[in-house]
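Keeping their order, the protein sequence lines are chains A and B. Here the first sequence is numbered in the numbering used here, starting from 22 and rising by one per residue. Here the second sequence is numbered in the numbering used here, starting from 22 and rising by one per residue.
Errors might be hidden in some of the hints.
For identical chains, the list gives no copy identity; a pair is met inside one copy or between any two copies.
[Stated by the list, open to error] For lysine to any residue, the following SDA-like pairs were computed, each having C-alpha atoms within a straight-line distance of at most 20 Å: (1) Lys-169 x Val-201; (2) Lys-169 x Ile-197; (3) Lys-63 x Leu-255; (4) Lys-169 x Arg-202; (5) Lys-63 x Pro-231; (6) Lys-63 x Asn-253; (7) Lys-169 x Pro-31; (8) Lys-169 x Ser-251; (9) Lys-169 x Ile-200; (10) Lys-63 x Glu-154; (11) Lys-169 x Leu-213; (12) Lys-169 x His-216; (13) Lys-63 x Arg-209; (14) Lys-169 x Arg-107; (15) Lys-63 x Arg-239.
No wet-lab data here; the hints were simulated from the structure.
Protein chains: 2
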Amino acid sequence: MSGRVFGEIPGYPEGSRFGTRVELSEAGLHRPRVAGISGSEKEGADSVVLSGGYEDDEDRGDEIVYTGHGGRDVQTGRQIADQNFRGGNRALALSSLNGFPVRVISKAGATSHSPAGDYRYDGLYLVDDYWQERGRSGFLIWRYRLIKLPNPSHAERTVSEERGAYSAAPRQTSTITRIVRDTEQARRIKALYDHECQMCGIRLVGLAGPYAEAAHIRPLGAPHDGPDVSGNILCLCPNHHVLFDHGGAAVGADLA
Amino acid sequence: MSGRVFGEIPGYPEGSRFGTRVELSEAGLHRPRVAGISGSEKEGADSVVLSGGYEDDEDRGDEIVYTGHGGRDVQTGRQIADQNFRGGNRALALSSLNGFPVRVISKAGATSHSPAGDYRYDGLYLVDDYWQERGRSGFLIWRYRLIKLPNPSHAERTVSEERGAYSAAPRQTSTITRIVRDTEQARRIKALYDHECQMCGIRLVGLAGPYAEAAHIRPLGAPHDGPDVSGNILCLCPNHHVLFDHGGAAVGADLA
């Protein structure tokens, strides 16, 4: 699909309501009329509809655990096969890797946080994390943790006020690609390893001191509930942290 | 100083008022009674007082450009020498490198955003960036861009509600270490270089695609007002981005 738009659609602020999937599509908020994920493997995903169709979806307002597509029986809606890493599933992972904002639309009755009627635009989310797991049905599914981003309608007003007075480059075009979080326990592990990457042995040193990142082997937070203890934490350089989080490899240079 | 506390001080929420520096110190919000920066080179900085004492300070509410200490005449308060990268100046850079939250206290009459009376605790800030520049006086000064973090008093309530139901590891202890931002122009540069680091040639590839980061040579936003154009952007691997931002070098492995 050409002209894929990431982020806000002008004229449709957070909270906008739509009666049908056709209206949603025509507004440009979520183009596909049936699929839950709007996106391509090359461009990433720009929106999802949280329809409650998947037994494993979880919605806690600002944090959603969204289930990828595929493997469901058309008649019964039950999971009858493993999900693969293609189409929308891979598109959502690409949005995670690049920090693209994803529009989330919820459907009435889908979950405890969804609105009373029809479809509602719930704002922009970051695909904070994704992983494969065995669902309630016993089949492998892809899951995505979506974290609410600040409402850009508010941010833009602030930014445009600032622009006149201070900024040469417009700042509302900037998006967040990556957020590195830390815990007290993580800081202890980094000190223990003297900020040396456990995968390649590199030690980055800035003017003010050494730098490393902590990677939780089993992630913190629902649904993994990984413990914040030393045995669950690796001390990594930023490059190996990215590779660790995104199942990757390094090409073209000697990254041990 | 032993027992340095980063983040919120229990019992003193954002907006708390104090009559004097002694009260501020006894509350533990900002320990030193004269210095504007509380911190050490080994531990990092935990708080600053925005007193309006430096001619180059800028305050726009959620974003503050703070001037480091040193080089001022005790009698006149005028900048009469270059500032060095020691003490509190280096401590603030260490907090930036590690993402430690810094308490900001503002003094009445200091700036347009400061309160009407005495000292007010304005909440936690992230040291987003720091650099050396020539101040209005003609001397070299250290400057720090501080960005407001969400009020943890609000976040904690949400988190503790979630914990009972979902989380094994308490999440309010987590802090943000690093935020990587992106722009449309940055995405074009990364595509142009096919996500290869311009410093070492490495190309990180995750399951969903390649990953690189864009570094603005002259930063966007006040006071640099660097342009968001290709000539101002480098395509870097995360390791070289950290080194580029923090004036660093890599030790112990072959990072080209």
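Hint-by-hint comparison with the structure:
no.: 1; hint: Lys-169 x Val-201; result: both (16 Å within a copy, 17 Å between copies)
no.: 2; hint: Lys-169 x Ile-197; result: both (12 Å within a copy, 16 Å between copies)
no.: 3; hint: Lys-63 x Leu-255; result: neither (31 Å within a copy, 23 Å between copies)
no.: 4; hint: Lys-169 x Arg-202; result: both (16 Å within a copy, 16 Å between copies)
no.: 5; hint: Lys-63 x Pro-231; result: between (36 Å within a copy, 11 Å between copies)
no.: 6; hint: Lys-63 x Asn-253; result: neither (33 Å within a copy, 26 Å between copies)
no.: 7; hint: Lys-169 x Pro-31; result: within (19 Å within a copy, 27 Å between copies)
no.: 8; hint: Lys-169 x Ser-251; result: neither (29 Å within a copy, 30 Å between copies)
no.: 9; hint: Lys-169 x Ile-200; result: both (13 Å within a copy, 15 Å between copies)
no.: 10; hint: Lys-63 x Glu-154; result: neither (24 Å within a copy, 42 Å between copies)
no.: 11; hint: Lys-169 x Leu-213; result: neither (34 Å within a copy, 30 Å between copies)
no.: 12; hint: Lys-169 x His-216; result: neither (31 Å within a copy, 27 Å between copies)
no.: 13; hint: Lys-63 x Arg-209; result: between (39 Å within a copy, 14 Å between copies)
no.: 14; hint: Lys-169 x Arg-107; result: neither (25 Å within a copy, 39 Å between copies)
no.: 15; hint: Lys-63 x Arg-239; result: neither (29 Å within a copy, 30 Å between copies)
The structure does not agree with the numbered hints 3, 6, 8, 10, 11, 12, 14, 15 stated previously, though it agrees with the rest.
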